[in-house]
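A.B. asks: Next come the chains, spelled out residue by residue.
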Amino acid sequence: MKKKILLVDDSSTVILMEKMILAKGPYEILTARDGVEGVAKAKSEQPDVILLDVMMPNLDGLSACTAIRNDEATAHIPIVMVTTRGEEHNMETAYRNGCTDYVTKPINGLELLTKLNNILGLAAAS
Amino acid sequence: MKLQEGRPFVDKVNSDTREYVQLLLEEIHRLNQTLTDFSSRYVDVEQQNTNLANLYVATYQLHGTLDRDRVLAAIKEVIINLIGSEELGIWEINGDALTLLDSFGIDAQKWDRVALDGGGGLIGLVAETGQRYIAGEADVVGGGPQESLTACIPLKLDDTVIGVIGIFQLLPQKEGFEPIDLELFELLGSHAATALYCTRATSRLMVVS
Chain Y
0 MKKKILLVDD SSTVILMEKM ILAKGPYEIL TARDGVEGVA KAKSEQPDVI LLDVMMPNLD
60 GLSACTAIRN DEATAHIPIV MVTTRGEEHN METAYRNGCT DYVTKPINGL ELLTKLNNIL
120 GLAAAS
Chain E
0 MKLQEGRPFV DKVNSDTREY VQLLLEEIHR LNQTLTDFSS RYVDVEQQNT NLANLYVATY
60 QLHGTLDRDR VLAAIKEVII NLIGSEELGI WEINGDALTL LDSFGIDAQK WDRVALDGGG
120 GLIGLVAETG QRYIAGEADV VGGGPQESLT ACIPLKLDDT VIGVIGIFQL LPQKEGFEPI
180 DLELFELLGS HAATALYCTR ATSRLMVVS
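If you read the sequences in order, they're chains Y and E.
At position 14 of the first sequence the residue is numbered 13 (numbering that gives the first Met the number 0), and the sequence of numbers has no breaks.
At position 59 of the second sequence the residue is numbered 58 (numbering that gives the first Met the number 0), and the sequence of numbers has no breaks.
Everything labelled a hint here was simulated from the structure, so no lab data went into it.
Only true hints are included.
Think about it this way: if two alpha-carbon atoms lie no more than 30 Å apart in a straight line, the pair counts; the simulated DSS-like pairs of lysine-lysine are: (1) Y:Lys23 with E:Lys173; (2) E:Lys155 with E:Lys173; (3) Y:Lys40 with Y:Lys18; (4) E:Lys173 with Y:Lys18; (5) E:Lys109 with E:Lys155; (6) Y:Lys3 with Y:Lys42.
Simulated DEER-style distance windows between Cβ atoms: (7) Y:Asn57 with E:Gln130: 40 to 48 Å; (8) E:Tyr19 with Y:Lys18: 50 to 58 Å; (9) Y:His88 with E:Tyr19: 56 to 64 Å; (10) E:Asp66 with Y:Glu27: 26 to 34 Å.
Facing chain E, according to a computed beta carbon distance under 10 Å, are these residues of chain Y, among others: (11) Asp8; (12) Thr12; (13) Val13; (14) Met16; (15) Thr103; (16) Ile106.
We put the CB at the ideal spot given by N, CA and C, even for glycine.
Build out the structure end to end from the sequences listed, making use of the hints.
C.D. replies: Below, the structure written as structure tokens:
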């Protein structure tokens, strides 16, 4: 059975890149273009994992992460933050807001696949 | 007596077993080596996949529109998300100077106009010579006042420079340019120029018609 992955990013470049990387995996891909849409789709679609950008209009990734964690219906969904900011303090904030893991841009395909498959319990990639 | 008679048989079994175990150990070693080779090849293939995805995404984004603002946004997104810099400028040659078309993370007023008479530093020199500048590479265009510049790519239509892309600081987690970044620079140099030219040609056509 395909695992459902929700990609939340306002950049069509990043969404396309993530789709290309995940295309050959056993995944069903859903997308959202900002934090508000991401939170709504997390609730309605119940994805297996969420890839969440940090800098987004309407609702940024850190706030969206908190909202997803605070909602009983979505609190269990693993969240991987995707950020251009590699500094430690940004990652600390992300973890405090409830993210499961993070990857930094530019996205490394192998790193992303390995992290996702570890989270999803798919042994093949690890 | 019977025990002694059985001794050669036991020795033979022991010897065969040791030989068999040795063969098994060698086979395990060989399989481990094969596994390591496959893992290494898997990493290489995944890296190649990512690189190809980068190039495909950049091309797709640059040529997905004839709207100038969207082409400029696509160039910025490629640099921010695929190359890894949040300080950049895109200039176009306009008479005797470079005019800043769009930027991200830099002082747009400061970089609004770059002279092409030799006083434009590295950015001006790249536009004049058509040779790219990458910090750390051989000094192809000589020094200039823009020491904070990490890379500067001429935008070329055939051999004619129509503008430049300047990249300043890289993201903190990015230690330097990788081979795929250089390929992206090549791609941007020609495809971004073509895409920008097409937007101008389209708008002129629309005015005429």
